[in-house]
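**Q** Sequence:
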Amino acid sequence: MKTHYKIISYSAVLSSLLILSGCHSNDNVSSGGNTNDNKRSYTVSVSNLTGNQPLSPVGLVLDKEGFKAWMTGQTANEALEQLAEGGDASALVSQASALASNLATTTGTGAIASGMSQQFTLSATDASSAKLTVFSMLINTNDAFTGVNAVSLDALMVDQELVLDVPAYDAGTELNSEEAGTMPGPADGGEGFNAARDDLLDKVTIHQGVISQDDGLASSILDQSHRFDNPVARVIITRTE
-3 MKTHYKIISY
7 SAVLSSLLIL
17 SGCHSNDNVS
27 SGGNTNDNKR
37 SYTVSVSNLT
47 GNQPLSPVGL
57 VLDKEGFKAW
67 MTGQTANEAL
77 EQLAEGGDAS
87 ALVSQASALA
97 SNLATTTGTG
107 AIASGMSQQF
117 TLSATDASSA
127 KLTVFSMLIN
137 TNDAFTGVNA
147 VSLDALMVDQ
157 ELVLDVPAYD
167 AGTELNSEEA
177 GTMPGPADGG
187 EGFNAARDDL
197 LDKVTIHQGV
207 ISQDDGLASS
217 ILDQSHRFDN
227 PVARVIITRT
237 E
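Okay, so the sequence shown: first residue is -3 according to the numbering used here, each after it adds one.
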């Protein structure tokens, strides 16, 4: 029988929740080359909690030492910028895959619409010390992303779950202008990644949300439906082996 191990709000001000959502499957997985009998397998469900902010195809990394895709308060590297501005997780996944400590990676095949979920499977041997990183962009924004960063799964037993409600982060690489031509999502269909940086902050912070034209930003092409509060996503990790 499945038991609940721990419920964590990924932002200190958010309440703990334990709610399972419907999901879809994804089996596009690569794993590290370790070979012993200490195999562990996990299913990871990612749910979109926003009203009208699709999540870009998700990147997931299982690593022995903990792959940190970002550091709050630090400048984003270019791989994170590609995710946060263009919704492309491939550079971060490639970075993680190249590490000797990498156990497994996988990526989603499509965006996660509001209110929907996708489910992923990660398996690895030599996984007694395993840490999970998950990342995705809110694509109707300039450079907002969400995810979990090097979360330890060491204490998770078979059939136990870890539920994480996670906020949106601002990559600090692009000005949150909300102007036409600056966002890759369906609200705009504009530019994605651009190596030039015009956000003076230039560091990762918790995202303060979009303003939208309905709330007084005349140059914005977003409306009230694109606004969001934290948390914006729920990650449910279940150990299956």
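To be clear, the hints were calculated from the coordinates, so they are not data collected in a lab. Bear in mind the structure is a predicted one, so any value in this text is a computation, not a measurement. Ideal Cβ placement from N, Cα and C applies to all residues, glycine included. Treat the hints with care, since some could be wrong.
Said to hold, decoys possible - Straight-line Cα separation of at most 16 Å, EDC-like style, residue types lysine to aspartate or glutamate; simulated pairs:
#, residue 1, residue 2
1, Lys35, Asp195
2, Lys35, Asp150
3, Lys64, Glu74
4, Lys35, Asp122
5, Lys60, Asp122
What the hints assert, rightly or not - Here are the computed distance ranges between Cβ atoms for each label pair:
#, residue 1, residue 2, range
6, Gln220, Val154, 43 to 53 Å
7, Ala96, Gln70, 42 to 52 Å
8, Val154, Asn190, 27 to 37 Å
**Q** Against each hint, give a clear statement of whether it holds in the structure.
**A** Here is what the structure says about each hint:
no., hint, in the structure
1, Lys35 - Asp195, "violated, 44 Å"
2, Lys35 - Asp150, "holds, 13 Å"
3, Lys64 - Glu74, "holds, 14 Å"
4, Lys35 - Asp122, "holds, 6 Å"
5, Lys60 - Asp122, "holds, 9 Å"
6, Gln220 - Val154: 43 to 53 Å, "holds, 44 Å"
7, Ala96 - Gln70: 42 to 52 Å, "violated, 23 Å"
8, Val154 - Asn190: 27 to 37 Å, "violated, 45 Å"
Violated hints for the displayed structure, listed by number in ascending order: 1, 7, 8.
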